[in-house]
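Novice: If you read the sequence shown in the working numbering, its first letter stands for residue -19, the second for the next number, and so on.
In case anyone wonders, no lab produced these hints; they're calculated from the structure. These figures come from a predicted structure and were not determined experimentally. Glycine is no exception: its CB is placed at the ideal position from the N, C-alpha and C atoms. There may be inaccurate statements among the hints.
[Claimed, not checked] Label pairs and their calculated CB-CB ranges: (1) Asn(-5) with Lys21: 17 to 25 Å; (2) Pro27 with Gly54: 32 to 40 Å; (3) Asp4 with Val109: 14 to 22 Å; (4) Leu(-2) with Ala57: 16 to 24 Å; (5) Gly20 with Asn56: 34 to 42 Å; (6) Arg107 with Ser38: 25 to 33 Å; (7) Cys22 with Pro93: 27 to 35 Å; (8) Asn56 with Asn(-5): 18 to 26 Å; (9) Gly97 with Asn56: 34 to 42 Å; (10) Gly106 with Ile18: 33 to 41 Å; (11) Arg11 with Leu51: 34 to 42 Å.
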Amino acid sequence: MMALASTVRQNQGQNRDLQRTVQDRVYAFIRPLRQPNIWGKCRSLSPAFSLRSDLSMSCDEYDHLMNDYFLQFGINADGYDHLVYFPEDIRPLPMKIINYLGRWTGAVKSPQPLTLGMLVEAAVTGRWVGQTRR
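With the sequences and hints as input, model every part of the structure.
Specialist: And the structure:
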């Protein structure tokens, strides 16, 4: 029984080490993309770091970023739907403005957040674990 408990603790330690290694690699992938604020500081990386609100990129750049991410980390992207996180990609400019105003008034739901924690979890499991289109 003691050997089993020891083996379980050892496996848990190895899993934490693996997750930390993967997290470091994902953070290194995102780190160069951060933009400094007016004081010259970049927001620190954490699982709650939001790609959508904390990186200043166009929708096309986000699409390329996610494609590069899936390739670099060998993730099965079958469950990933870009429009869940960036729904305005397919809307013309007037609709984007109406959508923005609708979100501001609460009439339109905001897109789902896309966080570093989600990227790390997908890199650890090897498949996309975020939400799909409803």
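Novice: Okay, which hints does this one fail, numbers in order?
Specialist: 1, 2, 7, 9 and 11
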